[in-house]
Structure formats: structure tokens, C-alpha cells
Amino acid sequence: MKQSKKTPIALIVLLLAASLIVPNVGGEQLEVQIATRTDLFPIPNIILPSQGFATVMLALMLAMTALSVYLTFVRNKKTPLIAVIAFSFGLIMAVLAWLFSGATMTFTTLLAGSLALAVPLIFGSLSGALSERVGIINIAIEGQLLAGAFTSALVASVTDSVLLGILAAMIAGALVASILAVFSIKYLVDQIITGVVINVLIIGLTSFLFSTLLADNISLLNQPPRFERISIPLLGQIPVIGPVLFNQTLIVYLMYLAVAGVFLALFKTRWGLRLRSVGEYPKASDTVGINVFRTRYMSVMIGGALAGLGGSFFTLGQVGAFGKEMTNGAGYIALAALIFGRWNPVYAAMAALLFGFALNLQYALQIVGSPLPSEFLLMLPYVLTVVAVAGLVGKVKGPAAAGKPYVKS
Amino acid sequence: MKQQNLIREIFSGNAVIPIFAVVASFLFGGILIAFANEEVQEASGYFFSRPGDTISAVLNSVVGAYDALFRGSIFNYQASTAQGMIKPLTETLAFATPITLAGLGLAVSFRSGLFNIGAQGQIIFGAMFAGYVGLSFELPFLIHMPMAVLAGLLGGALWGGLVGLLKATTGANEVVVTIMFNYVALLLLTYLLKTPVFQAPNQVNPISSPVAESSRLPGILGDGFRLHFGLIIMLAMVVAVWWLMHRSSIGFQFRALGYNPSAARTAGINIPLTYILVMAVSGGLAGMAGASQVLGADRQLTVGISATFGFDAITVALLGRNNPFGVLAAGLLFGGLRSGAVLMQANQGVPVDIVLVVQSTIVLFIAAPPLVRSLFRLPKPKAVQA
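Residue numbers (our numbering), protein chains in the order written: chain A, 1 to 409; chain B, 1 to 386.
For reference, chain B alone in the conformation it holds in the complex:
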């Protein structure tokens, strides 16, 4: 009941808020970058005698960092080859693939009034299932690859659906259960990577063999790029989720549950079954993110297979306002931040962790439109709430 209020809240802010939220967060990130910059620290030591030095050092550090971020995520105008110039954009797309897939899953659950914090665990389950199929069978490509992707979908759907089942049968709060399940999934993966189930032969480290060639998601632009078929799957899923939520009767039931569970029950919607379905769909999408990582990006199973994609997905779903196309846009933005941060760290010595700061402040600002309005002295919107 609290959730649908929240979701209405997220939707009722006007359209400029996200833009200002992003701007404010980059400003905040800029302050941190300047603060941590050595030249700035030196120049600020004699600020009162020559304030110009400090100001130019601040500008240098911030512009240098954000220039590197741009070159690392969109277009590298300093690269010598055409391939080098467009490589950053393809890296952004590669990062955006798992984040958006998992973000779509979370958007489905948030829209349905269920707080799925468990994308991290569902990605891991998807990766384990997809990895298992990829490692254990020898099949023709046209059968093996789709089968492995579907296994990922199934793995995530089972792990997510279990949460729905617990909620439907015992009333267990899905927030708590999904948080706990993230850790259970990670520990299970860590354990299995030390057993013959996954561990590569003659390996001491918890790491699997590469998945079979026939199960891999093929590269899109050739060997020079990390971009793979997972991107196409992701784009297809954006449309599929839009269709599911806005054009199908199941999606109508999902949204009805999100808006008003009591009314949904009165209207004859089977609430326990819908809980399970929502969580299964949500987990299944995250599971596909895991499959995309293990079959396309990493091509083997490791403890870090899910990176922080599950947490990024939460912010992506919120930033995208739980709308599939919004989630895609937010996923591209955060994919760009991830990809650009790599160059920013290498070139300008700004740690990649700045991305986490920018990302989280964006979400905080977006969630609190009055704060952004007061920061930028924007006018108050007319009362639109019913």
C-alpha cells in the first residue's frame, strides 16, 4: 500500500526534474573531483595570494575528468583510428546491456507494487543456469545458444519466483527476502565454483572453464569489440516488456496490483498467483542479464559475474520511472558512466568509485523533486495530484 504511493510519487514529478537531477549530480561529482585533485590542493594553499591558480586548477581537474568521461563513453576524438573512435560507444552499449535487462525486470516489479531488491541474486542464478548449460552440453549453435539463454531466464525466474511464492503463501516481506537471497545466491555461487560442478579442471581459483563455443552470444562488430548479441536481446526485451505491461492482460493485472491491491482483489485478480508471476518475470529478466554476461561478455563463470549490475539496475529502474523506454535511456546513461569511468581513472587518476556517487545522487535528487526545485529555484508545479 505504501508502494503504490511511492510509485505515484515517482511519476508525478515533471519532466525536467531528471535533467536537473543529472546536472546537479555531475556538479556534486565535480566538487569531489576538484577536492581530491592534488594540483587543486596545492594551489588552495596560497588561495588568498593568487586565487586565480586555484580556480584554474579546479577547472582543469573537473574539465579533464569529464572530458575523459566523454571520450571513454561516447566518442574518443583523440583516437588515431576510426575503430578507436567509436569503441567507447560500443563499450557503453556493452555495459548498458546487463544493467538495462536487470533494470527492466525491476521496473516490472516496482510497477506492480513489489519491491524487488534482489536483481543481484537473480542475475547470479541466471548466470549459473546459463553457465551450466553452456559448460555441460555440446549442441549445434542454433539450439545451444537459445537454450543457454532460456536457462538463464529460467534460473532468474525460479529464484525470483521463490520470493513471490514465499510472499503469496506466508506473507514474507519481499524487500527483506530479496536482500537476504542476494547473499545466499552469491555464497552458493562461491561454493559451487569450488566444486567440480563449475570449477575448471586443474584450477585452484574459483573460476569455470570457458563456456562452449556453440553456446556463446556471437559478437556483433567483430573481434575488436566487446559488443555481442546480448544487446539485440536487450533491445527486444525493452519492446517485449512494453508490450507485456501496456498491451497484455497479464500486464494489466500487474499494474492493477501495483495501483491498488484491494481493488485488484475485488476485481477478481488472483493476487497470490500475480505475486509469483511478477517476481518470476522480474527475476527472469535479471536472469537474462546474467546469461548475457556469462555467454556474451565474460564467457566464463566467476564470483564477480554480477559485478554491481543488480544495484545499478535499481537506480536505472527508478531513473527510468519504471517505463521500459525510460529504463533503456537510463541504462545507456549508466552504461556510459561505467564505460567512461574506466578511461577517467586511467587518464586522470579519478577513481571509478565517483560513478557510484554520481549515480546515487542522481536517484536521490530524482526522488525528491522539491529538493531539485529549491536548488535550481524552479517554480513549483501546479497541484496535479487528485
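With the rest of the complex left out, here is chain A:
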């Protein structure tokens, strides 16, 4: 069988694009600030010659492209994932050198902010993973996030408790998911339509309630307490890793648990095996005695609860109050991360981190004044996802039974 030529071709195209950028890297040097205030010991700023650094990265990309071309055309073998990752690393670094040349890149702060911004995307993609792995396409992530954001703001304001706020957010997310589940499992309505319509419904409902209830009683109903930053002793003081991973808010730590939990549950437990079998071939699962409907309801609703929890990031974490349509398409980026991460919670989380990085980069670039318009950075998740579903980088294939209602005969 002939190897698909898509990967080497994609790499060549990207390499050509990068080689257009690299000669344009202006400025003498690139200053990278790694230290933050909480470090155990001081770290000096790293100063790199920007042109030279970018050229080295271009060489790395060239090497990976050559490897891919050799493997595909001469040896007729697949390009290993690690080569694609190394290529991407080189590309990102070269672009960063171009963007930040002549200025200081606060590397650690940039990463920490990216992780925070990725939180709702990661929770959303977990919801998508739980739902799609069991065979229900979940376009309604946006609605689940928004419902979580609204409810957590309302309940946390009234009770003055962050914990009750996120609990309510989880219930709200699960309720939205239950609409998806009922319509797609019981009434056999197309799942894509249901998802799109649920998003419109939740945007309408939350905006309506915001205008009629919340807007008049801001201090009572829309002034929730915020997540506090919790620094984990010792771990939080390690340079780079500490500030990025262990000096974050409660919801970030919950996110670590959720990613690990969903991954283990899906791939290492009997429950997960059954769940995935329902998503691949429900008839066979039914034959061996698995309750297809119950498995689907459960999984979709657990996913909804997680997305609702992620939605609380917007109100209790980021903004501190609910605003109309404040999720602003994050649910669709989460969906993108899910697909880009090939329906695997861990890969999806990594994709979400990449997208969070792109979101955060535009803020950083506004400060240093960059040659790249922010719109193109914001476009990145969407374009990458189209590239992924077009199969230009590896093969992307979802669960076999996703989108198909199961009718017991």
C-alpha cells in the first residue's frame, strides 16, 4: 500500500511559509524572561540573537521535512508523530522570534496565562470526548459552557460561595446535556441540529434572564466571589513549572484531575471500555448486555457537568460577573480541540493548551506591538482544525457510531 503523501506536502508548504518569515526577523536580539517573583532562586534573562535563533529553528524544520519526504517517498513508511511535533516546535519558536524580536518575551507568564485561558476549552473538550466516544455528537458544548457560566455567577453571588457556584454550574451543564441526550436518544433527532439549536436556546435564555433579572440586581445576583490563586508549597516555587502549573486557581487543579480522570475512566476501566464500545458499535454492545441508552445518557450528562464546571471559569475565574454571550465561541474551539486531539482527552487537552497559547499570545503581542494582526492568531484554532479534518496531518477519524441514533429492534 502506498503511503499518503499529505504529511510531507503539508510540511513542505509550512516550511516554505516559514522561510518567508525568517529573513524578516528584524531587531538585534530576543530577550526571554523566565524568572517570576515566586522563584526559589533568581534566573537571569536569556538573550538570543533573534535572526540566528530563527535560522536554527528553520534548519530543524528543514531536517524534519527531509525526514518525512525520505520516509514517505523512499521507504514508504509513515512519518512519526514525534517528527511532526518537532517540526511544530520549530515553527512556533521561529514565529515567536519573529513576533518578539527586539522586545522582552515574558515566557513564564505567557505560559501560565495560556494554561488559564485553556481551562474552559479543556473542560469543554472533555465534555465532547465523553459524549462523542459514546456515540453522541456534541455541538452543544458552547451552550453547556454558557449555562455553567450563568448559573455559577448567579448561585455564587447569592450564596457567596465559590463551591456552591461550581456545583450549580455542573448541574446546569448536565441539564443542558440532558436536553441533547433526550432529543438525540429518545426522539432520534439529528444530533448536529439538536446541538446547534441548543446553543441558540441557551444564548437566548441566559441573555433574556441576564437582561430581566441580573442587570437590575447586580450586587445581589451578579457579583460572585472569585477563585483565589492557590500556590502549592514547594512545587509552586520551582522556576517555570511552578508558576505555570502550581500557582493557579482551584479550577485549574480541578482541570488536572478531570483530564486524568476522564482519560483513565475511558481507557483503563471496564466502564470506559463499555462506553467506547457503545460509541463504536451499539448493536454489538446491546447484544452482550450493555444498556446502550443508559450508557449514553450517563456519559453525555457527566460530560455536560464537566463543561458546566468549565463554564464557571468565565464568571468566577476570568471576568467576575456574567455577561451576555460571554463564552464567545469557546465551545466551538473546544470542539476543535477535541477533533484536533483525535477524541483523546489528553491529546485534546494539549490541543486546547495550544489554542489557549494562541489566545494569550495576542494579549502579549498587543503590549510589544507585533507585525502580526491579532485576528490571524485568533484564526489559528479554526484553521488548524480544518487542516486536521482534511487529514493533512495524520488521519482523523471519530467514533464509528457518532451521530447515529440507536434504535432497538
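Each hint should be verified, as a subset may be incorrect.
Partner residues are not named here, just some residues of chain B that face chain A (Cβ under 8 Å, in silico) [stated by the list, open to error]:
#1 28
#2 166
#3 168
#4 236
#5 359
#6 371
Calculated from the structure, these hints are not laboratory results. Just so it is clear, CB atoms sit at the ideal spot from N, CA and C, and this is done for glycine as well.
Based on the hints, put chain B in the right spot on chain A.
Okay, now just chain B, sitting in the frame of chain A:
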């Protein structure tokens, strides 16, 4: 393969379902309106001592809101002038124009088994192309206006056709690609509105100059009304789409693809080419909606040029059961909701967002006939499915 099942599903419900779905959704909207009404909240505080107060407050709030909705969308019997009385109806038609055009596009793709969620992006591309022609040339009206409309058609067709091309060549799922393309289109428009390509000179805001007089869609009833020639284009397109889908051989191929792709392939239909054509036609119709907005309604390019018409179009196509005349009826209904909601907000303090709620519940109810039947205790239909 899942899609043709769905489409059969949508078609197999009986004719009363849409009516009951609309009624149920208005009831649901009424509950929300009453719930959010301040007088109702006050009266319900002493519900058990004087329940009559609560009931009359509920009736007042709901009747007041829906009366305003009627006056804002169909006939304003309270207006002092004849013009004021019929103005709401013309507003409804003005809102219905882009929604129906884009809805027709989606109906074509849904009928052909392709799930185009990307009307929003295709409207934006149409608006950009039409806007570019409208802004950059000085030509006689009879050349300029049609050229700008056709540019809109082309813009939407290219953006939609690209999705078809990706599906045909790489097998990329059109749902995912169109969702992503909506955002790409919006970000591209936002970027271009900050560059000299579109941004008006001496402007800080992302907004273009007005399009040239000669490229505009002329008004129909004079300056007092927003109604413009786009309405005529829309009505012509209803008939054109009906002809295309039901009388032409291309339309036959489209529908064959929608019913059964394998059979269509066996019958010798070029499936990849049909994917591209379906998406191009679908996107082209949405592109015309964009042209109608930029050349007729707004007369300049803004970030909000597509409003939520692309999403409304999805619900309109479904409500209209992917039939061109059904789409027209649904477009008029949703145009009326949009137009009436403006007065409802101004007069009764009911936020326009209620329209989104009513609109989405209508579609959910329509898509699930058993739910509507159980709500209204309608009899089950005889088994008609083969």
C-alpha cells in the same frame, strides 16, 4: 448516510406538527415573559391571599408582550398614520429577506444530504465581495448593481464551494469545516475592516464608507421604508430554487445524493463534483443574503453585517422542511419575530433575546413530533414509513 435518515424524518411528520410546535413555543415564551415580569413577581408574593392579582398580572404581561409583537411585525393599529400602520409589515419583509435567502441555500444543502452550518461565513464572504465591488467602482447603475449582487453570489459560492472541494478531495466532514469557516470569515472581515481595503478614510472604527449610489439595491416603497429590491431578488430565488431542485437535472442529482449516495454513485452521478456544486449553490444563496444586506439594508460593510442571519437560516430551513416555499413561509415568520421583538423590547421591556428562545424551541418541537403529540395529546399517525 445518517443525513438522509434525518431528512426523511423531518419530512415524515404530519402537517399539523409545525402549527402545534409554534403554539407550544409561544406558550413557553409566554411563561418566560410572565416569570421575568416585575408586576407578576410582586403579585406572586401574596399569591395565596389574592391569587387573582397574579393571574391578571400574568395575563397582562403576556398579552401586552405578544400584542406588541403583533404590532411590531404585522399591523400597527395604534399608529396615527397609514404609513405607520403598514411599516411593521415592511420591516418584517426586510428582515425576512436575508434570512430566507440564506435559508434557501441551507435547504439546498440539507436536501442534498450535506450539513452546511456555514451560512454565517458565506453571508460574510458574499457581503465582502459585494461590498468590494460597491466600494471600488464607479459604473452606471444598470451594470454596477447587478455586478455587485453577482459578486456577492460569487463570494458565497467560493467560500461554500471550498468546503465542498475539501469534502470531495479529502473527505473532510462538512459540519466541522463550515463551523470553523464561520469564525475564519468573521476574523478575516474584522481584519480587512481595519485595513485600507475596506476601512473608510479617516475612520478609527472598523467600518467602511457607504457603497456607491449606483451599486445600491433601490428602495421599493420610498424613503420612509427600509424595504429594498433585495425582496424581489429573494422572491425570485424562491422560485429559482424550486425550479433547480424539482425541475432541473442538476437538482435531481442533488436530491439523489441526499437520498442515497451509494445509489447515486451507481447511477453514474459524479459524487465529488456534486459535493462541490451543492456547496457552491448553497453558499452562493447565502452570499446573496450578504449582498442584500450590504447593498440594500446597511449600505456599508460592518463587523456585524451578518447579524445572526446565518443561524436563523438553519432554523428557517428546518422549519420550512427544506422546501423553497416552506422556507419562504418560515422566513416570513422569523422575520416577523425579529421585527416585532424590537417594539416588544421598546414598549414592554421584554428583551429581544426571547426571540432566540422561541425560535429554537420551535425547531426542537418540530424535530421531535412525538414530543409535540404527547404535549397536546394528539393521536399517533399511522405507520407510513416504508
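Quick rundown of the hints versus the structure:
A cut of 8 Å between beta carbons decides the hint on residue 28 of chain B: the least distance to chain A is about 10 Å, and the hint is violated. With 8 Å as the threshold, the beta carbon of residue 166 of chain B comes within range of chain A, its nearest partner Cβ sitting at about 5 Å, so the hint holds. Because the closest C-beta pair between residue 168 of chain B and chain A is about 11 Å apart, greater than 8 Å, the hint is violated. Among the interface hints, the one on residue 236 of chain B is violated; its C-beta lies about 28 Å from the nearest C-beta in chain A, farther than the 8 Å criterion.
Against a cut-off of 8 Å between C-beta atoms, the interface hint on residue 359 of chain B holds, since the closest Cβ of chain A lies about 7 Å away. For residue 371 of chain B, the suggested interface contact is upheld, since its CB lies about 6 Å from the closest CB of chain A, less than 8 Å.
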